[in-house]
Amino acid sequence: MDNSTEIRAYRESDKEGVIRLWDLVFPGGAAWNNSEEVISAKLSVQPELFFVAVHDDRVVGTLVAGFDGVRGCVHRLAVSPDHRRGGLASTLMRRAESSLKDLGCPKLNLQVRVSNLDVLKFYESLGYEVEQRASLGKAL
Numbered sequence: 288m289d290n291s292t293e294i295r296a297y298r299e300s301d302k303e304g305v306i307r308l309w310d311l312v313f314p315g316g317a318a319w320n321n322s323e324e325v326i327s328a329k330l331s332v333q334p335e336l337f338f339v340a341v342h343d344d345r346v347v348g349t350l351v352a353g354f355d356g357v358r359g360c361v362h363r364l365a366v367s368p369d370h371r372r373g374g375l376a377s378t379l380m381r382r383a384e385s386s387l388k389d390l391g392c393p394k395l396n397l398q399v400r401v402s403n404l405d406v407l408k409f410y411e412s413l414g415y416e417v418e419q420r421a422s423l424g425k426a427l
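Just so we're aligned, residue 288 is where the sequence shown starts under the working numbering, counting upward by one.
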């Protein structure tokens, strides 16, 4: 990761950059993943677990985490294509893990599409293991 890249808590001034990054990294997202609604919801619950990486005044990475008192979770780990393979995603994950551990979180869970082999390998390189469970969902 470039030394001039800062990882910090989300600020309202980051909104346009975050949405632009998410539109680039997560194209064609589901209706319940509307970026503005995700930002608004996260700011109402544990906003301190919404991290952004900024390089030259541009949002180049994000990570949204949560902790319900039992398990932690990671959503929206996103890194701009021009900042990948430099350690930024790993740094964002370490920051989230540290923050969650400080809150007393004993375990972190996340979801990855089974077809996304590169991302699975990335998380495995950080010590995550595929658990034999089914992921179920229902739009409300």
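To be clear, the hints were calculated from the coordinates, so they are not data collected in a lab.
Model, not experiment: these values are computed from the prediction.
Treat each hint with caution, since some may be false.
Pairs of lysine to aspartate or glutamate residues, derived as DMTMM-like cross-links and limited to a Cα-Cα distance of at most 25 Å, are as follows [what the hints assert, rightly or not]:
1. 388 to 343
2. 388 to 293
3. 425 to 303
4. 329 to 303
5. 329 to 384
6. 302 to 324
7. 388 to 411
8. 394 to 369
9. 394 to 335
10. 388 to 344
11. 425 to 343
12. 302 to 418
13. 388 to 369
14. 408 to 369
15. 425 to 369
16. 425 to 389
17. 408 to 418
18. 302 to 411
Violations among the numbered hints: Violated hints: 1, 3, 8, 10, 11, 12, 13, 15, 16, 18; rest satisfied.
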